[in-house]
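Protein chains: 4
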Amino acid sequence: MSITVPTDSINNESAVAALALFRSECATRGLALSFAIADAGGNIVLSYRTDGAQLGSYQLAQDKAYTAVAFQNPTSAWAESSTPGNPDWGIALTLGGRATVVAGGVPLFVSGKLVGAIGVSGTKGTIDEEIATSIASQIGCEVRP
Amino acid sequence: MSITVPTDSINNESAVAALALFRSECATRGLALSFAIADAGGNIVLSYRTDGAQLGSYQLAQDKAYTAVAFQNPTSAWAESSTPGNPDWGIALTLGGRATVVAGGVPLFVSGKLVGAIGVSGTKGTIDEEIATSIASQIGCEVRP
Amino acid sequence: MSITVPTDSINNESAVAALALFRSECATRGLALSFAIADAGGNIVLSYRTDGAQLGSYQLAQDKAYTAVAFQNPTSAWAESSTPGNPDWGIALTLGGRATVVAGGVPLFVSGKLVGAIGVSGTKGTIDEEIATSIASQIGCEVRP
Amino acid sequence: MSITVPTDSINNESAVAALALFRSECATRGLALSFAIADAGGNIVLSYRTDGAQLGSYQLAQDKAYTAVAFQNPTSAWAESSTPGNPDWGIALTLGGRATVVAGGVPLFVSGKLVGAIGVSGTKGTIDEEIATSIASQIGCEVRP
Numbered sequence: 076m077s078i079t080v081p082t083d084s085i086n087n088e089s090a091v092a093a094l095a096l097f098r099s100e101c102a103t104r105g106l107a108l109s110f111a112i113a114d115a116g117g118n119i120v121l122s123y124r125t126d127g128a129q130l131g132s133y134q135l136a137q138d139k140a141y142t143a144v145a146f147q148n149p150t151s152a153w154a155e156s157s158t159p160g161n162p163d164w165g166i167a168l169t170l171g172g173r174a175t176v177v178a179g180g181v182p183l184f185v186s187g188k189l190v191g192a193i194g195v196s197g198t199k200g201t202i203d204e205e206i207a208t209s210i211a212s213q214i215g216c217e218v219r220p
Numbered sequence: 076m077s078i079t080v081p082t083d084s085i086n087n088e089s090a091v092a093a094l095a096l097f098r099s100e101c102a103t104r105g106l107a108l109s110f111a112i113a114d115a116g117g118n119i120v121l122s123y124r125t126d127g128a129q130l131g132s133y134q135l136a137q138d139k140a141y142t143a144v145a146f147q148n149p150t151s152a153w154a155e156s157s158t159p160g161n162p163d164w165g166i167a168l169t170l171g172g173r174a175t176v177v178a179g180g181v182p183l184f185v186s187g188k189l190v191g192a193i194g195v196s197g198t199k200g201t202i203d204e205e206i207a208t209s210i211a212s213q214i215g216c217e218v219r220p
Numbered sequence: 076m077s078i079t080v081p082t083d084s085i086n087n088e089s090a091v092a093a094l095a096l097f098r099s100e101c102a103t104r105g106l107a108l109s110f111a112i113a114d115a116g117g118n119i120v121l122s123y124r125t126d127g128a129q130l131g132s133y134q135l136a137q138d139k140a141y142t143a144v145a146f147q148n149p150t151s152a153w154a155e156s157s158t159p160g161n162p163d164w165g166i167a168l169t170l171g172g173r174a175t176v177v178a179g180g181v182p183l184f185v186s187g188k189l190v191g192a193i194g195v196s197g198t199k200g201t202i203d204e205e206i207a208t209s210i211a212s213q214i215g216c217e218v219r220p
Numbered sequence: 076m077s078i079t080v081p082t083d084s085i086n087n088e089s090a091v092a093a094l095a096l097f098r099s100e101c102a103t104r105g106l107a108l109s110f111a112i113a114d115a116g117g118n119i120v121l122s123y124r125t126d127g128a129q130l131g132s133y134q135l136a137q138d139k140a141y142t143a144v145a146f147q148n149p150t151s152a153w154a155e156s157s158t159p160g161n162p163d164w165g166i167a168l169t170l171g172g173r174a175t176v177v178a179g180g181v182p183l184f185v186s187g188k189l190v191g192a193i194g195v196s197g198t199k200g201t202i203d204e205e206i207a208t209s210i211a212s213q214i215g216c217e218v219r220p
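If you read the sequences in order, they're chains A, B, C and D.
Everything in the first sequence is counted per my numbering, starting at 76 for the first residue and increasing by one.
Everything in the second sequence is counted per my numbering, starting at 76 for the first residue and increasing by one.
Everything in the third sequence is counted per my numbering, starting at 76 for the first residue and increasing by one.
Everything in the fourth sequence is counted per my numbering, starting at 76 for the first residue and increasing by one.
Hint data in this document are derived by calculation from the structure and do not stem from the laboratory.
Source: prediction; values computed, not measured.
Treat the hints with care, as some may be off.
To be verified - With a straight-line Cα cutoff of 30 Å, these simulated BS3-like cross-link-like pairs (lysine-lysine) come out:
(1) A:K199 to A:K188
(2) D:K188 to D:K199
(3) B:K188 to B:K199
(4) B:K199 to A:K188
(5) C:K188 to C:K199
(6) A:K188 to C:K188
(7) D:K199 to C:K188
(8) B:K199 to A:K199
(9) C:K199 to D:K188
Required output: the full structure, derived from the provided sequences and hints.
Shown next, in the form of structure tokens:
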């Protein structure tokens, strides 16, 4: 009888490849953003802030990655349902202040299993998410199970 | 003249029984959720995360139990009144970030006295609350005074 | 080329078995203690406080389990080296206040791989550790790689 | 009359070069460590955790880098003077828990001006510091003013 449950997490090579993609994406778009990648336990593996990026974006990118792991969904998934009067109202205030419903955090799935998440922050949430999703795909992950 | 005030809290046997009920509820429904039970002082007695549950649900289940003790009501009680412009606006932001109005936290009463609370998290708030309420009843508690 | 790194974590059945062992250990010894079990990512899977245990022991058991995962060693490993003037002086003050060098946290290894940790708190550190180590062994884990 | 004060900080290219040096240093030595680099404002620019490194080393590497900027000295500089009864007793407890006197944090100077710091964590403090110092030198910085 097994006493453990297996988990797979995004590895260093993928994290470093993702950073290179992020840096070239920022250069191409002329944007100064922050980037973070978390493992399946929500622990950050790598984070990075472009020179000139908003200082706050560094923490926010990490919180987006953490939230995407913690709730196994893109952070934007709760944008509607977490507004006052809707069923998830209040969820953006949880996890000791680390939860966020700002777009830009996307979970990473491989063969339907959660292996980590990417968080991007520093510009419009929709663009942050577009970049995070594009990087996820380029390193061979899906953002849905 | 008495110099003390008596408190009754849910005991270990009830907490462990509640955990067993919770585990069988999760198995029956095919859901991976988190569970917490707090005493009358709002301090958690037992908490548990099902393999595969959202990581964030572990903290959230505890915060739901804590809030239900702290405000002596189901967490869902404030869902409407805590929205902007309503009388309890802001309550979801209190208690150092531990307060939550997401459904799934229910207080436990015995003979009209608060003895603790149960928090369930990880799926829709209405189902979390339904499970918490059902467990409360099965261990012999009411969720109203 | 693999894009992930595998991790195994202690599973729910083992966590629940460990809780039962802990409860019977407390009963046999006539001690009121707290217990926590963390996965390989340092996230708590189950925690429990015996009626009458020191309230602080609940948090401390979790911090011991977390530290044992975070530093891949029993918390007692740093008891000497972290004293003033020794090479790890200051380590007990790190991890945002969650690190502890108080005995009672032991890592769990299976086939040389870290799969989680157990923390016990509430009595002398040496006894806390003895209980944690005994439970680890009974659920089929080693406390060294 | 000038109304500003100039600051120079380590830039992205240097941070990424330092990461590459760190990764090759870990591979050569067969060590799994964590790395962080802070700017002159003490804000982290890049941090990274090797697969298999102690989870706690990730936070510790950042705190080492932060402390080295905050006090403009290697973190090891206070190892003696911060012990009880000595002049800097208590310094390891400051900065909201982020200060650390564990070796492995080194400030980065260019032409005598502080431009940031490197933190390395995960093995003996003396080796952490040796690696941090070596990387500092290879990216063209001094670790003393």
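**Study point:** Violated constraints from the hint list, given by number and in increasing order
**Key:** 9
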